[in-house]
Amino acid sequence: MNVVKNKKWESGKCMALALQQLINGLTLGAVYGLIAIGYTMVYGIIGMINFAHGDIYMVSAFIAVSAFTLLASLGITSVPLALLTVLLLSVLFTSVYGWAVERTAYRPLRGSTRLAPLISAIGMSIFLQNMVQLTQGARVKPIPPVVVGGFDLYASEGFTVHLAYSQLLIVIVTVALMAAFSYVIGKTSFGRQQRACEQDPTMTALLGINVDRTISLTFMLGATLAAVAGVLVTVYYGVVDFYIGFVAGIKAFTAAVLGGIGSMPGAMLGGLLIGLVEAFWAAYLSPEYKDVATFSILILVLMFRPSGLLGRPEVEKV
Amino acid sequence: MMLKLSGVHAHYGPICALQGIDLSVQVGEVVTLIGANGAGKSTLMMSLFGKPRASAGRIVFDGEDITGLPTHEISRRGIALVPEGRRIFPRMSVFENLQMGAVLADPTNFDVDLRRVYALFPILEERRGQRAGTLSGGEQQMLAIARALMARPRLLLLDEPSLGLAPLYIKKIFQTIRSLNRDHGMTVLLVEQNAHHALRVAHRGYVLQHGRIVLSGTGRELLASSEVRAAYLEGAAH
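If you read the protein sequences in the order shown, they are chains A and B.
Sequential numbering from 1 applies to the first sequence in our numbering.
Sequential numbering from 319 applies to the second sequence in our numbering.
Just so you know, these hints were derived from the structure itself, not from any lab.
Note that CB positions come from ideal geometry on N, CA and C, so glycine has one too.
Don't take every hint at face value.
Said to hold, decoys possible - Some chain B residues near chain A, calculated using beta-carbon distances under 10 Å:
hint, residue
1, M364
2, F367
3, H390
4, E414
Build the full structure now, drawing on both the sequences and the hints.
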């Protein structure tokens, strides 16, 4: 009798832990997915990995911290109002960063070797990190909790599955943003121009479209998604530092490669998978080595399936 | 004068592909440029758009010097190109390709223009939802022409529209060029290897050899010319 009860108790614990990690993993994965789209879009249109993209995300998190602090000092206490204002401010400033990075570090190198903008991207990444470290300090910057509380999805015999409101916020905002984003790329004239540039930039220019402008807008759009991710993460964790862009950037890059670089649904899928792998690895195997899991995936994908889950096999263009 | 090139030179790296081209197209004309593979025909077409940019000489379109303009500004002046190899957007639907053609046109014309190109090429209407990359070569060529027409160009450039097509499609393409010119007053500059067809549809023609114009005249004159016959027509008459 006791044994049966014990088994039930054990399986209940198992289920609860798995469910909790599922929630945590999806939350994390949504953020990785948002950042990964920026990598994949830029790769699609100019064929380079924008290694400064993770740092754009980091900059947006700092903008969010400053904006929250500013709003608090102005005495604005309404959470939805504060969130909306911070999102708008962060998107605005971060997209300017995205634009400026392309304009200064990549456009002058267009038409040169494939490696040159890649090196310039790494330089830009180092520059952004150091700029933030110099101006904002190297210490972790906290903000007071903005979205607090949550609810228990399941609670019995000492095990609870908790869903924080901030996690719910991340998932809802991500889903809404993805829907809007798919509409823009799939159905609007700008989206068509963007896809046309990916498929044949010369022909797109021959149709009268300013390809440089489309590339600029692509960088700004990628930065916009990274900005939303930055705000969400700031709300979720409550702390930022100048180094978060590096780690998140490499994980989002892994997500983009796993999903198939160049594929936007792939980036989102890859993000979710990386988030889940990380959450489950941390819970069941070892929290210290969760980054090893991510990077092992990167290496395995590059070795055995370089086109990723949803990507097209790379055809060398002549 | 719609288009006038004077002394145009162009280079691909160290290779001099065009060496002083003088050429003109009048309003309402069909002008053809014939020549062997590698004579510089496609380079000439692309250099009108600054790809590659003319290293010497002047290109004047409708009284305006367009030699140094950015590519997208040149097509906005009212020149549309049906490029060599068609270059349709393979991962877009037929309809989206046509929308891309009209991307800078007045949107109120879209429905009228769409009906017009569907009337010209009914197969495109049947396949409007299909991915353009899955069309046959002939259908892709029709799509490329239709896409160019959606921009309502004043000058239509066609680069080897018959290349690699079945005879039935070749006939259809040349019929279309003739009817665009005759019934709609479209000005056309046509680059062709298929000299026989091209010279029959054209009012005037130029013969290009090693980046130079070596011969010019009316379509009929060139068809009758012994040099043209020997170099481009013998055994090639379809």
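Hint-by-hint comparison with the structure:
Nearest Cβ of chain A to the Cβ of M364(B): about 9 Å, under the 10 Å cut. The hint holds. With its C-beta approaching chain A no nearer than about 6 Å, F367(B) sits inside the 10 Å limit, and its interface hint holds. Checking H390(B) against chain A by beta carbon gives a least distance of about 5 Å; that is within 10 Å, so the hint holds. Hint status for E414(B) relative to chain A: holds, with the closest Cβ pair at about 6 Å, below 10 Å.
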